[in-house]
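Participant: Residue strings, one per chain:
There are 2 protein chains.
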Amino acid sequence: MAQRVSTSFLQRGEEHKRICVYDCRVENGKATQKFLESSGLDFNDFLKHLHKEFKIGSHETFVVATTDRTVLDFNKFEELQDGSTLYLLQHKNQALSVATEEQINYLPHYDTLIRSGMYEYYASEGQNSLPYALAELIDNALSATAKNTGVRTIEIRMMFDESLGKPAVIVLDNGCGMTSKQLNNWAVYRLSKFSRENSKFASQQEGYIRPDPVPRSLNSDISYFGVGGKQAAFYIGDSARMMSKPVNSPDVHELILSKDEFEKKEKNNEDIYSGRIKNRKPGDSKHIKNDDEHFLHALIAEESRKESFTAVVIMGVQPEHVTFLKKDFEVWVRQLAHIYHYYIHGVNGNDTRKNSRNSNQTKINIQITLREKPPKCPRVMDLRDVDNDMETLYINSAADTFEFKALTAQDGGTVEGVVRYHPFLYDRETYPKDPCAEQASPDADDDDDCANESGVQHQARGKKAIFDCFWNGRLIPYTTVSEFDWCTDKKSKLPAECYNRISGVLFTDDKFQVSTNKLTFMDLELKLKNKDTIFTRIVNGQKQRGHLQKEFTKWLENCHKKLDKQIQFKGYMETITRTEL
Amino acid sequence: MAQRVSTSFLQRGEEHKRICVYDCRVENGKATQKFLESSGLDFNDFLKHLHKEFKIGSHETFVVATTDRTVLDFNKFEELQDGSTLYLLQHKNQALSVATEEQINYLPHYDTLIRSGMYEYYASEGQNSLPYALAELIDNALSATAKNTGVRTIEIRMMFDESLGKPAVIVLDNGCGMTSKQLNNWAVYRLSKFSRENSKFASQQEGYIRPDPVPRSLNSDISYFGVGGKQAAFYIGDSARMMSKPVNSPDVHELILSKDEFEKKEKNNEDIYSGRIKNRKPGDSKHIKNDDEHFLHALIAEESRKESFTAVVIMGVQPEHVTFLKKDFEVWVRQLAHIYHYYIHGVNGNDTRKNSRNSNQTKINIQITLREKPPKCPRVMDLRDVDNDMETLYINSAADTFEFKALTAQDGGTVEGVVRYHPFLYDRETYPKDPCAEQASPDADDDDDCANESGVQHQARGKKAIFDCFWNGRLIPYTTVSEFDWCTDKKSKLPAECYNRISGVLFTDDKFQVSTNKLTFMDLELKLKNKDTIFTRIVNGQKQRGHLQKEFTKWLENCHKKLDKQIQFKGYMETITRTEL
Ligand SMILES: Nc1ncnc2c1ncn2[C@@H]1O[C@H](COP(=O)(O)OP(=O)(O)OP(=O)(O)O)[C@@H](O)[C@H]1O
Ligand SMILES: Nc1ncnc2c1ncn2[C@@H]1O[C@H](COP(=O)(O)OP(=O)(O)OP(=O)(O)O)[C@@H](O)[C@H]1O
Ligand SMILES: [Mg+2]
Ligand SMILES: [Mg+2]
Numbered sequence: 001m002a003q004r005v006s007t008s009f010l011q012r013g014e015e016h017k018r019i020c021v022y023d024c025r026v027e028n029g030k031a032t033q034k035f036l037e038s039s040g041l042d043f044n045d046f047l048k049h050l051h052k053e054f055k056i057g058s059h060e061t062f063v064v065a066t067t068d069r070t071v072l073d074f075n076k077f078e079e080l081q082d083g084s085t086l087y088l089l090q091h092k093n094q095a096l097s098v099a100t101e102e103q104i105n106y107l108p109h110y111d112t113l114i115r116s117g118m119y120e121y122y123a124s125e126g127q128n129s130l131p132y133a134l135a136e137l138i139d140n141a142l143s144a145t146a147k148n149t150g151v152r153t154i155e156i157r158m159m160f161d162e163s164l165g166k167p168a169v170i171v172l173d174n175g176c177g178m179t180s181k182q183l184n185n186w187a188v189y190r191l192s193k194f195s196r197e198n199s200k201f202a203s204q205q206e207g208y209i210r211p212d213p214v215p216r217s218l219n220s221d222i223s224y225f226g227v228g229g230k231q232a233a234f235y236i237g238d239s240a241r242m243m244s245k246p247v248n249s250p251d252v253h254e255l256i257l258s259k260d261e262f263e264k265k266e267k268n269n270e271d272i273y274s275g276r277i278k279n280r281k282p283g284d285s286k287h288i289k290n291d292d293e294h295f296l297h298a299l300i301a302e303e304s305r306k307e308s309f310t311a312v313v314i315m316g317v318q319p320e321h322v323t324f325l326k327k328d329f330e331v332w333v334r335q336l337a338h339i340y341h342y343y344i345h346g347v348n349g350n351d352t353r354k355n356s357r358n359s360n361q362t363k364i365n366i367q368i369t370l371r372e373k374p375p376k377c378p379r380v381m382d383l384r385d386v387d388n389d390m391e392t393l394y395i396n397s398a399a400d401t402f403e404f405k406a407l408t409a410q411d412g413g414t415v416e417g418v419v420r421y422h423p424f425l426y427d428r429e430t431y432p433k434d435p436c437a438e439q440a441s442p443d444a445d446d447d448d449d450c451a452n453e454s455g456v457q458h459q460a461r462g463k464k465a466i467f468d469c470f471w472n473g474r475l476i477p478y479t480t481v482s483e484f485d486w487c488t489d490k491k492s493k494l495p496a497e498c499y500n501r502i503s504g505v506l507f508t509d510d511k512f513q514v515s516t517n518k519l520t521f522m523d524l525e526l527k528l529k530n531k532d533t534i535f536t537r538i539v540n541g542q543k544q545r546g547h548l549q550k551e552f553t554k555w556l557e558n559c560h561k562k563l564d565k566q567i568q569f570k571g572y573m574e575t576i577t578r579t580e581l
Numbered sequence: 001m002a003q004r005v006s007t008s009f010l011q012r013g014e015e016h017k018r019i020c021v022y023d024c025r026v027e028n029g030k031a032t033q034k035f036l037e038s039s040g041l042d043f044n045d046f047l048k049h050l051h052k053e054f055k056i057g058s059h060e061t062f063v064v065a066t067t068d069r070t071v072l073d074f075n076k077f078e079e080l081q082d083g084s085t086l087y088l089l090q091h092k093n094q095a096l097s098v099a100t101e102e103q104i105n106y107l108p109h110y111d112t113l114i115r116s117g118m119y120e121y122y123a124s125e126g127q128n129s130l131p132y133a134l135a136e137l138i139d140n141a142l143s144a145t146a147k148n149t150g151v152r153t154i155e156i157r158m159m160f161d162e163s164l165g166k167p168a169v170i171v172l173d174n175g176c177g178m179t180s181k182q183l184n185n186w187a188v189y190r191l192s193k194f195s196r197e198n199s200k201f202a203s204q205q206e207g208y209i210r211p212d213p214v215p216r217s218l219n220s221d222i223s224y225f226g227v228g229g230k231q232a233a234f235y236i237g238d239s240a241r242m243m244s245k246p247v248n249s250p251d252v253h254e255l256i257l258s259k260d261e262f263e264k265k266e267k268n269n270e271d272i273y274s275g276r277i278k279n280r281k282p283g284d285s286k287h288i289k290n291d292d293e294h295f296l297h298a299l300i301a302e303e304s305r306k307e308s309f310t311a312v313v314i315m316g317v318q319p320e321h322v323t324f325l326k327k328d329f330e331v332w333v334r335q336l337a338h339i340y341h342y343y344i345h346g347v348n349g350n351d352t353r354k355n356s357r358n359s360n361q362t363k364i365n366i367q368i369t370l371r372e373k374p375p376k377c378p379r380v381m382d383l384r385d386v387d388n389d390m391e392t393l394y395i396n397s398a399a400d401t402f403e404f405k406a407l408t409a410q411d412g413g414t415v416e417g418v419v420r421y422h423p424f425l426y427d428r429e430t431y432p433k434d435p436c437a438e439q440a441s442p443d444a445d446d447d448d449d450c451a452n453e454s455g456v457q458h459q460a461r462g463k464k465a466i467f468d469c470f471w472n473g474r475l476i477p478y479t480t481v482s483e484f485d486w487c488t489d490k491k492s493k494l495p496a497e498c499y500n501r502i503s504g505v506l507f508t509d510d511k512f513q514v515s516t517n518k519l520t521f522m523d524l525e526l527k528l529k530n531k532d533t534i535f536t537r538i539v540n541g542q543k544q545r546g547h548l549q550k551e552f553t554k555w556l557e558n559c560h561k562k563l564d565k566q567i568q569f570k571g572y573m574e575t576i577t578r579t580e581l
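Protein sequence lines correspond, in order, to chains A and B. As numbered in our numbering, residues 1 to 581 make up the first sequence, in order. As numbered in our numbering, residues 1 to 581 make up the second sequence, in order.
Hints listed in this document are in silico derivations from the structure and should not be mistaken for laboratory results. This one's a predicted model, so the numbers in the text were calculated from it and none came from an experiment. Among the clues, some could well be false.
Since the list gives no way to pick one copy over another, a pair counts as held whenever it fits inside one copy or between any two copies.
Here are the simulated SDA-like cross-link-like pairs (lysine to any residue), alpha carbons at most 20 Å apart as the crow flies [as the list claims (entries may be wrong)]:
id	residue 1	residue 2
1	259	192
2	48	90
3	327	375
4	463	125
5	286	96
6	265	105
7	147	306
8	464	490
9	463	483
10	286	100
11	30	283
12	264	195
13	463	480
14	490	462
Construct all of the structure, not just a fragment, from the sequences and the given hints.
Facilitator: Rendered as structure tokens:
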């Protein structure tokens, strides 16, 4: 987007007041329009000016009113802003014989930036929404490190040691960094990669290139709208300090957006969306003078040993966020581990039984630190070490898997899918339970209601949807797909409880759209359930010809016969415990 | 918000190019900063200028680079924009001994307005999202007509008669209208009623006054974020023409926002958020010259007989929307009737059996017209005449109701709630089915799965949540509350199927927050399930002292005994059909 430096920046201090006046006294015919310079004039001076300009007779009665028909007086005239439009009328309610036009501005309010996140990240079913804001910052770091040749490191540091400053959330990555032009672009709300100019010179522009398809769509290309970073920062706190050094540049670029600054600019009638990027040597923290930000000295000192990086420092963190982040450390770390499961562990996920080998992709380290005032120990967790996120639980309790692909007809969107079987063992289902869901809402285990009366069939998955859904490899937490035609127990000869022992996961590319908050898909289920969408079974990476539903039923039957330690034959009321297995 | 008329508007035509240059050659000490006027200069002239200004020795080697360290040459210099910052360096990668600052602008991209809605209104579970965009426009019309003394009329006109112009969606109301200042505010993204100046004069400002509590929170105050109208318009089409006449004003104010205009302004490097309001006589359509908009003449002709009004005319309607609006007329009209059920029918809803009297509130007429090219007949529907929206079905199949109130501890948010009993009659449940849900996804009736094996208990509500949720009287479609502790069958002695014969509705005030798209609550369930939230039974408008769960169980038991035509005693396997009832 063309970023015009407003001319007001170049002419600070000069106070204009130019008024546009329409002479509407004539009942028919065109109203004369004149621009009158009225800086320094009071209402009486202005009236004299009008008399002369519009040749008003000395005994003529007239009124001067705004376009909202408010008649001007001495005080109101003082309040008039530069560029206002006024009418010269015979009387207040005289009709306009000819239309007039007035110039207006409608710059988006700065709440666009600072309050956007407040109504974006919502909590659903006992889930706290804060991790989804943090995820936006991790998304950005993933994109930025996508082309790293070495290790990709993303750090989230919760700085809650009051002796070092006020609470701060820091997200750091060793990615490509931003040039000052890119940092400028970062601040532009809704400027997406699709419409961005990334160099100061047209001759050096690079357009957006869609990455090639990769398994599970783990392409690290998780930017889309040009809003995530800003929304997240202002959801978490009330200011964001960006510090970034692009590769091959000797300089660090630094930009602060803050609620206070916006409010001050508004109050002083300054350009709301105008600011300053500081360019400085890596390690140079001379500009940090405030004790509240003391920890920044250490952070900036780290810069010198980095080739390139981006650091997002969020301050003015909401107290309830600080409380949650401290108290529920395990909960939100686990939630992040779920969101980025496949980025952290690779295409096959965290198979601790090493049943599968993950491809040799560049490792992504996402490290979380929470630092409080000593003697409290800092808490440190690598997301890769989380072993109780839902994906890990699913993968490790699965005894067999069924893979498939879906291709949408209209736009060629592709979805990879996996269904897993969690068998019944001796006296219990192995379908994993979400430890947090139950904690958050103790009465949520009504999955068992039905089981109480009708046997085991609903104990496993219960009312839960089968499929979790990932977009470009990143979990979209509030969209689940309950089932497909071919994996439901309608008209099946298999016992219903088998259909309740499956979990699943869908991986879509970005032909499928997500909402700006990345919490939901726009129309995934509609598109997939469209009858022109083609599903195919995948075995060892190869497409299979067979009829999907038949293939699936066969697979499930097999799972049931080979893996379940208890088989209930449909129609019979007898239960056989197979001690031989 | 202070709306500064950018000075560039007053100085059209003058081309500035002022460059800020930092002399960074000195390794230590402060870099000198100078502003150089360089309009009209080529790179060589500029270099000469530099030599003089910074006293560069004639044999000295130096480079001139941007803050992104791009070394300037003849062509790049031509591309430099007004207000750019440059470095004078010994060599390209010389470190900055002292930090520099550069002025930037980060005006939100116009996609903020025109693409916002695209990723806001999403479709969930077979629901089409278009009605939710239309709802935003109805919300605005409801707010605008809140203080009408006479009848409140809201019209949605789908103009799909090609002989009268291109497809257009018109939303018309006979509300208070907008002054030109208010129309200007309308266009300001994220300017909410809480931060709005509604007069051109500070001395005439009226702040926002929260309406007094009313039953079911039907206060018509359904604005909150300052985004709805714009998002909706650009979701539906690609331009919005607002025409509005406030009471007591002789003028109609008219403003057009359009995608084309934004793109043109961007291309021509003009102020993106600058525009013109046209002020004109009611009925004056001289400015409508385009045949595509021919229908506007008739619309404008209607103005003369209106005291005040607002008309939103959306053009460039997406073809798939036109298709949907024509093809699924009944579906979306029904959906709107659901959303505004209590505004249309009053606090007790659409009780066609006239069991209850609705309060004598001002009537709200919401009329939908869809006009195609004759001989096709126009379709006209008053939302009040819709008799198959879910609320109507629930209300009319309910045999008894149980009312309650909830009060949240922290912020005093209030929720009114109703539970209804849908009895079992002879051979069938009377719990209503959503006719559209099944149509949209033919395999969604798996509610019956469980029933197949374990009897009738799950046939009624199935997996559906009990409560639909209304915010300030307006349905928030994607948030449902599955149940509360006190209305589940855990540990109850009553048969489980009774708990499956209830539907319910919650009415919250705006102490509860909704997301900007008004599709979901932010944290309704969390707040209500907080243990400090107090629930009380309401009987005949009076709070009851008793323990809610006991009261509810008693009520439910009563319903079961008195209303169900078949009673299944728990523990017994025998079923008694009571022919005496
Ligand atoms: N850590 C980072 N390293 C490098 N560039 C970054 C980083 N964070 C943000 N950016 C740049 O700033 C831009 C804006 O970020 P932001 O998160 O606000 O929006 P987005 O990522 O483009 O889209 P989305 O709304 O999907 O997040 C990014 O597209 C990217 O170019
Ligand atoms: N039909 C109308 N009649 C009168 N004023 C209107 C009308 N439609 C919009 N407005 C004015 O324009 C403002 C902006 O409308 P918009 O729908 O964009 O945001 P909002 O209603 O303030 O908030 P929300 O995002 O919740 O819809 C409204 O607050 C109202 O003052
Ligand atoms: Mg992002
Ligand atoms: Mg609105």
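Participant: It remains to establish, for every hint, whether it holds in the given structure.
Facilitator: Evaluation of the provided hints:
no.	hint	in the structure
1	259 / 192	between (23 Å within a copy, 17 Å between copies)
2	48 / 90	within (17 Å within a copy, 60 Å between copies)
3	327 / 375	within (17 Å within a copy, 68 Å between copies)
4	463 / 125	both (14 Å within a copy, 15 Å between copies)
5	286 / 96	between (62 Å within a copy, 13 Å between copies)
6	265 / 105	both (17 Å within a copy, 13 Å between copies)
7	147 / 306	within (16 Å within a copy, 63 Å between copies)
8	464 / 490	both (17 Å within a copy, 19 Å between copies)
9	463 / 483	both (11 Å within a copy, 14 Å between copies)
10	286 / 100	between (55 Å within a copy, 12 Å between copies)
11	30 / 283	between (66 Å within a copy, 17 Å between copies)
12	264 / 195	between (30 Å within a copy, 15 Å between copies)
13	463 / 480	both (12 Å within a copy, 15 Å between copies)
14	490 / 462	both (16 Å within a copy, 16 Å between copies)
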